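Peer 1: Here the protein sequences line up with chains A and B, keeping their order. Here the first sequence stands for residues 1 to 222, numbered as in our numbering. Here the second sequence stands for residues 1 to 171, numbered as in our numbering.
Everything labelled a hint here was simulated from the structure, so no lab data went into it. Be aware that a few hints might be false.
Here are the simulated DMTMM-like pairs of lysine to aspartate or glutamate, each with C-alpha atoms no more than 25 Å apart in a straight line [said to hold, decoys possible]:
id	chain 1	residue 1	chain 2	residue 2
1	B	Lys158	A	Glu34
2	B	Lys158	B	Asp99
3	A	Lys116	A	Asp131
4	B	Lys168	B	Asp73
5	B	Lys119	A	Glu8
6	B	Lys15	A	Glu5
7	B	Lys51	A	Asp131
8	B	Lys158	A	Glu136
9	B	Lys168	A	Glu160
10	B	Lys119	A	Glu52
11	A	Lys116	A	Glu132
12	B	Lys15	A	Asp15
13	B	Lys15	A	Glu8
14	B	Lys119	A	Asp131
15	B	Lys15	A	Glu52
16	B	Lys15	A	Glu38
17	B	Lys119	B	Glu169
18	B	Lys158	A	Asp199
19	B	Lys15	A	Asp199
20	B	Lys158	A	Asp131
21	A	Lys163	B	Glu18
Sample of chain B residues facing chain A (criterion: CB under 10 Å; computed from the structure) [unchecked claim]:
id	residue
22	Pro5
23	Ser42
24	Trp62
25	Arg138
26	Ala156
27	Lys158
28	Lys168
In silico contact screen, one side only, chain A against chain B (beta carbon under 7 Å); selected entries [said to hold, decoys possible]:
id	residue
29	Thr2
30	Asp4
31	Arg6
32	Glu8
33	Ile13
34	Leu46
35	Leu63
36	Met64
37	Val68
38	Ala130
39	Gly134
These numbers were taken from a predicted model, which means no experiment stands behind them. Idealized CB from N, CA, C, for every residue including glycine.
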Amino acid sequence: MTQDERGEALARILDARSGRSAELTSAELHETSEEVRELALATDVLWASAQEVPPLENDSMALMLGLVPDPEFALDSKALSSARKRAGLSVGDLAQRLSARGWTVSGPDVFRWENKSALDVPPAMIRAAADELGVEASMLGRRESDDPVRARLRSMFSSEGFKELSARWARVQHVSLGMATTMMESRALAAVHRGGEPDPDVMLRALEALVVAVEQGESPEK
Amino acid sequence: MSAVPAPDWAALYQKHREAMFRVAASVLRDRGIAHQAEDVVSIVFTSAMEKPPEDVLNWEAWLVLAAKRRALDMVKSAGVSRVGELTEEHDRVADDAADAMELMEWAEKVARARRVLSKMDEREQYVAARYMIADRPREEVAGQLGVTPGRISQIAGKIAAEIEAATKEGG
């Protein structure tokens, strides 16, 4: 069977499935050759790969579990640092303990939370850290409205410009929009030094430059 | 004997919800209710928190398998055709480990397909998105691209072949 013939045979299956998976397009699928059948099943995998899970902030379960950063319960960098030191743990130790619970956290992440910005840390992660450090979660939390830098960044994250950049980042990085938004927020947060005064316009331009560079295939994200 | 610590549900949810969602959507698709995949994930997770399973060695496998079974239940209650075939494996309780392994392999294939698609040119991505994923008629997609339906078949065949090769070879 030539490549063109395989393509036509596959098209007959796809044309007949009416929105269902190729696997369930029984008559067409089972009457064809094994190689076309495998192509049809590959299209089912392709379809699944395109299904996007809703962003965390639109996910009621994620909200209930405390996976969405909450301005009213943000991580207090100084309180975290103090509690960690009192517990006799290094940033790597704490990251390792959080990882053992299922969180994707590295030592540099914890270092950033303590020394740069912790705006992206959700309440559930704060509770997990408190649990590992043997303190009440309320000791590690603070109201974001008390911190103008955090409030300004939060405002930038909700801007149309930032959302558009996140969508482009999702496209070039081949990740979901929710994941891309988190990645972009983390990049912005990592750029904010403690005590700094981030200019949202400057930060958006810097993020756009990064997106454009990756779009042009100059520096793929690792 | 010390008690097994309770799982960190939030961490588990964040880590595995995407895989659960994709499995559920794939099952529900055949009844035209893929949009209910989010409900499946939510129901499975709520049930697990209310009555935590014991002796779970691999949470990803457990959660993804539970999502698939819950989705099959929804398909069954919706009266899908050929439901007997669909639910046959669902009823094979003894094959948990094999089912879970199969699902993990499937999830890896899905991840590879995503990478393959990302490397395709704009026209191929358009055909994949419109014809192979959104199920738009071949003639319509051909008209939008200014090519013949036969050309769309060729492109679809090439895309499927590349995905099939990547999922087999681990590319």
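Peer 1: Tell me the numbers of any earlier hints that the structure contravenes, in ascending order.
Peer 2: 2, 4, 6, 8, 9, 12, 13, 14, 16, 18, 19, 20, 24, 29, 33, 35, 36, 37, 38 and 39
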